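Protein chains in written order, with our numbering: chain S, 3 to 116; chain R, -1 to 113.
Among the hints, erroneous ones may be present.
Going by beta-carbon spacing under 7 Å, a handful of chain R positions derived as facing chain S [as the list claims (entries may be wrong)]:
hint	residue
1	Tyr3
2	Asp36
3	Gly38
4	Tyr48
5	Thr94
6	Gly98
7	Asn99
8	Pro101
9	Asn106
10	Leu110
Simulated from the structure, these hints should not be mistaken for laboratory data.
This structure is a prediction, so every number in the text was calculated from the model and none was measured.
Here a beta-carbon is modelled for each residue, glycine too, at the ideal position from N, C-alpha and C.
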Amino acid sequence: GENVEQHPSTLSVQEGDSAVIKCTYSDSASNYFPWYKQELGKRPQLIIDIRSNVGEKKDQRIAVTLNKTAKHFSLHITETQPEDSAVYFCAASIGSGGYQKVTFGTGTKLQVIP
Amino acid sequence: EADIYQTPRYLVIGTGKKITLECSQTMGHDKMYWYQQDPGMELHLIHYSYGVNSTEKGDLSSESTVSRIRTEHFPLTLESARPSHTSQYLCASSLTTGGGNSPLHFGNGTRLTVT
C-alpha cells in the first residue's frame, strides 16, 4: 500500500520567514496531493491541493510543488504569520471513478515566533 | 449551511459500555470516512464507505463497526469501550468527481475518554 513520509515533524520559524514542509510517497499511482492545516482543537481543513498533471500551484502566500519522478511534494509558506502556527498534514490519494484511497503523512507542527 | 456534523463533541464513559458516535453531512457527498487521531498527531483510517450499504475497514485495526443506511449518515459503534479507545474520532466526507479525487471535509470530532 501507499506510504507517505513527512518531514520535519516540528518546525519553528521567525515571523516573516519562509517555512518548507516536505513529503515523499511510494505509490506511483497516486494522482492527487492535498495539504491540510489543523489548528489546536479544531478540525483539519484543506489549504491547497495539486493534481499529478501539474508541477506547481500557488495561492497567495502558500505554494505546493510536485516532482512525480522523485515522488515528492512540498508545501511552501512565505512571509509566515503567527496565525500560520498549526499542524500541517500532507496526503497522497489514488482516485478513479468511485474509488478514492487517501494516505496521510504524520504531520508537521509549525510554530511561528512573533 | 452545508457541513458535516458530529455528536457528541465530548464523551466520558466507563469501561464496557456500548457507544455510538454520530456523523451526518448535508453536503451531498457520497463517500464518508472515520479517522482516529490523538490530538495533533497522525490520522489513522478506521472505516470508510463509498455509498449506501458499502462499508470497508481501514488501515487501523479497530473494534468498532459502522453502518451506511442513508447517504448522509455514517455512525460508528463501539460494542464494549476500553481505556485504549480513548482518543479523538474524526468523521470526513468527500464527493466523487470525474477524476476520482476530491478533498476531504472533516467534522469537528468527538473526543472520547473511557475510564
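Quick rundown of the hints versus the structure:
Given hint, R/Tyr3 at the interface with chain S, is violated; its Cβ is 11 Å from that chain's nearest Cβ, farther than 7 Å. For R/Asp36, the interface hint is violated, the least distance from its beta-carbon to any beta-carbon of chain S being 11 Å, above 7 Å. Checking R/Gly38 against chain S by beta carbon gives a least distance of about 5 Å; that is within 7 Å, so the hint holds. Below 7 Å, beta-carbon pairs count as interface contacts, and R/Tyr48 has one with chain S at about 5 Å; its hint therefore holds.
Against a cut-off of 7 Å between C-beta atoms, the interface hint on R/Thr94 holds, since the closest Cβ of chain S lies about 5 Å away. For R/Gly98, the shortest C-beta to C-beta distance to chain S is roughly 3 Å, which falls under 7 Å, so the interface hint holds. Restraint check, R/Asn99 versus chain S: the minimum CB separation of about 3 Å is within 7 Å; hint holds. With its C-beta approaching chain S no nearer than about 4 Å, R/Pro101 sits inside the 7 Å limit, and its interface hint holds.
Evaluation of the R/Asn106 hint against chain S yields a held restraint, the C-beta minimum of about 5 Å falling below 7 Å. Taking 7 Å as the C-beta cut-off, the interface hint given for R/Leu110 is violated, the closest approach to chain S being about 15 Å.
In the structure shown, a violation is registered for the earlier hints numbered 1, 2, 10, in ascending order.
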